[in-house]
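Novice: Given next are the chains, with one letter for each unit.
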Amino acid sequence: MAKVHIKLKVNGQEMEGLAEPRTLLIHFIRENLALTGAHIGCETSHCGACTVDLDGKSVKSCTVLAVQANGSEVTTIEGMANPDGTLGALQEGFRQMHGLQCGYCTPGMIVRAHRLLQENPSPTDEEVRFGIAGNLCRCTGYQNIVKAIQYAAAKLRGEEFREAAE
Amino acid sequence: MIPGSFDYFRPQSVAEASALLAKDDNARVLAGGHSLLPMMKLRMAQPSALIDLGGIGELRQIQFQGGQLHLGAMASQHDLLASDLVSEHAPILKEVALLIADPQVRYLGTIGGNVANGDPGNDMPAVMMALDAAFVLEGQHGRRNVKARAFYTGTYETALLPGEILTAVEIPTQVKGGFAYEKLKRKVGDYATAAAAVILSVKAGVVDACEITLTNLGPTALRAEAAASALIGKPAGHPGAIDAAVAAARAIMTPAHDTRGTPEYRTSAGGSMVRRAIQRALAKA
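Chains F and C supply the protein sequences, listed in that same order. Using the working numbering, read the first sequence as starting at 1 and increasing by one per residue. Using the working numbering, read the second sequence as starting at 167 and increasing by one per residue.
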């Protein structure tokens with residue numbers, strides 16, 4: 001099958017490569033572009049480990065063809081740090097609030113939470129849980145992930161994070 | 167898991183897409199891809215070509231014209247949730263969209279794919295039957311409308327003819343009154359173990375219009391006409407009438423025996439979904 005020339009703007013940088021039409025976006029990003037931050041988990045669009053931001057939408061890149069994304073803007077976990085290389089608000093939140101244990105789900109969690117906070121800068125805990133319902137974590141029990149996202153939300157609003165009483 | 171090989175086309179118009187489709191019996195149209203791509207990874211589908219509708223901007227439009235809500239087939243579940251026109255003219259669609267899959271899937275999963283696929287587990291077919299929606303089908307020989315109530319002929323079998331593409335859904339303004347969609351599922355992202363849609367209106371304490379439809383409780387979505395008739399003309403909330411409606415709905419359920427449970431269990435759950443949906447719709451009416 002003839003390969004297709006695919007161009008993407010990934011984390012602000014123009015990138016390109018050749019791929020068969022059947023190549024999944026996650027494989028193109030990891031293998032052609034050598035960005036291995038987004039993980040392959042279930043490969044069945046359940047777990048969310050492969051979540052990337054595609055033209056302002058959170059998507060499971062195991063269930064998108066690279067050719068479908070041709071010409072699009074993609075943001076991966078590698079694009080979540082601040083321009084000076086320091087941790088972005090979500091990365092800092094996950095670190096400060098212990099929002100990860102094994103870390104496998106974290107790239108997808110953070111990229112998904114990034115879009116969630118773009119759409120809703122002041123979510124309730126319930127809205128955070130609903131908003132990350134497509135991302136599975138088998139370690140944390142989610143409590144600290146919700147805190148981590150609220151930490152980042154507060155920081156992005158310029159407020160001090162206060163943990164809700166338990 | 168990687169799909170088998172196929173040719174890929176990204177047409178710019180419906181006419182171009184339908185010409186491509188007519189050329190190849192084994193070609194499939196690609197909408198959001200969240201049913202088709204998983205099937206292709208499992209080799210349960212092996213199309214020779216994919217015709218990606220993602221490049222046809224007009225298919226994403228949501229408009230209200232001529233007393234009807236017009237949803238382009240490529241409008242995503244996320245687009246429905248963001249639309250004021252949907253809130254105004256068919257608010258039940260928002261309730262349903264929020265119960266479909268998860269945020270990532272809702273950004274890409276489309277209304278057209280959901281209704282055209284013919285999967286009895288999809289939520290929108292039953293809701294479109296309750297709303298008396300029509301599907302716009304376009305092919306090489308022109309365009310025709312088929313009512314949702316006449317569209318589903320079997321599991322994964324629909325009135326779509328070879329070469330036709332479902333391009334839009336047209337929905338009459340939802341009856342003013344109460345509505346509810348009750349869905350039992352094992353986890354976020356699962357298809358319904360059983361689900362029921364109810365849309366009704368009440369005048370002077372009496373139910374004067376009612377539609378009840380069912381998801382994943384038969385080979386296709388089902389319209390429970392006898393169940394709706396059991397409520398119409400009866401005082402709203404009349405316990406005997408609700409019991410009769412639940413019994414009539416259960417009588418037409420023939421769910422498959424699958425990982426979601428036995429037919430007996432799923433029928434029992436289906437009855438509960440119908441009862442809850444009726445009660446919640448009445449409370450809002």
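Because the hints were derived from the structure by calculation, they are not lab data. In this text, all values refer to a predicted model and were calculated from it rather than measured experimentally. Where hints are given, some of them may not hold.
As the list claims (entries may be wrong) - Derived PhoX-like pairs: lysine-lysine, alpha-carbon spacing no greater than 25 Å straight-line:
#: 1; chain 1: F; residue 1: Lys-3; chain 2: C; residue 2: Lys-207
#: 2; chain 1: C; residue 1: Lys-189; chain 2: F; residue 2: Lys-3
#: 3; chain 1: C; residue 1: Lys-189; chain 2: C; residue 2: Lys-342
#: 4; chain 1: C; residue 1: Lys-207; chain 2: F; residue 2: Lys-7
#: 5; chain 1: C; residue 1: Lys-207; chain 2: C; residue 2: Lys-369
#: 6; chain 1: F; residue 1: Lys-57; chain 2: C; residue 2: Lys-260
#: 7; chain 1: C; residue 1: Lys-351; chain 2: C; residue 2: Lys-450
#: 8; chain 1: C; residue 1: Lys-351; chain 2: C; residue 2: Lys-260
#: 9; chain 1: C; residue 1: Lys-450; chain 2: F; residue 2: Lys-57
#: 10; chain 1: F; residue 1: Lys-57; chain 2: C; residue 2: Lys-313
Unchecked claim - A few chain F residues that face chain C, going by a derived Cβ cut-off under 7 Å, partial list only:
#: 11; residue: Thr-75
#: 12; residue: Gly-79
#: 13; residue: Thr-86
#: 14; residue: Ala-133
Unchecked claim - Covered stretches of chain C, going by a simulated chain F footprint (3 or more residues, C-beta under 8 Å):
#: 15; segment: 172-186
#: 16; segment: 208-220
Glycine included, C-beta positions come from ideal geometry on N, C-alpha and C.
Novice: Can you list which hints this structure breaks, lowest number first?
Specialist: 3, 5, 9, 10, 11, 12, 13
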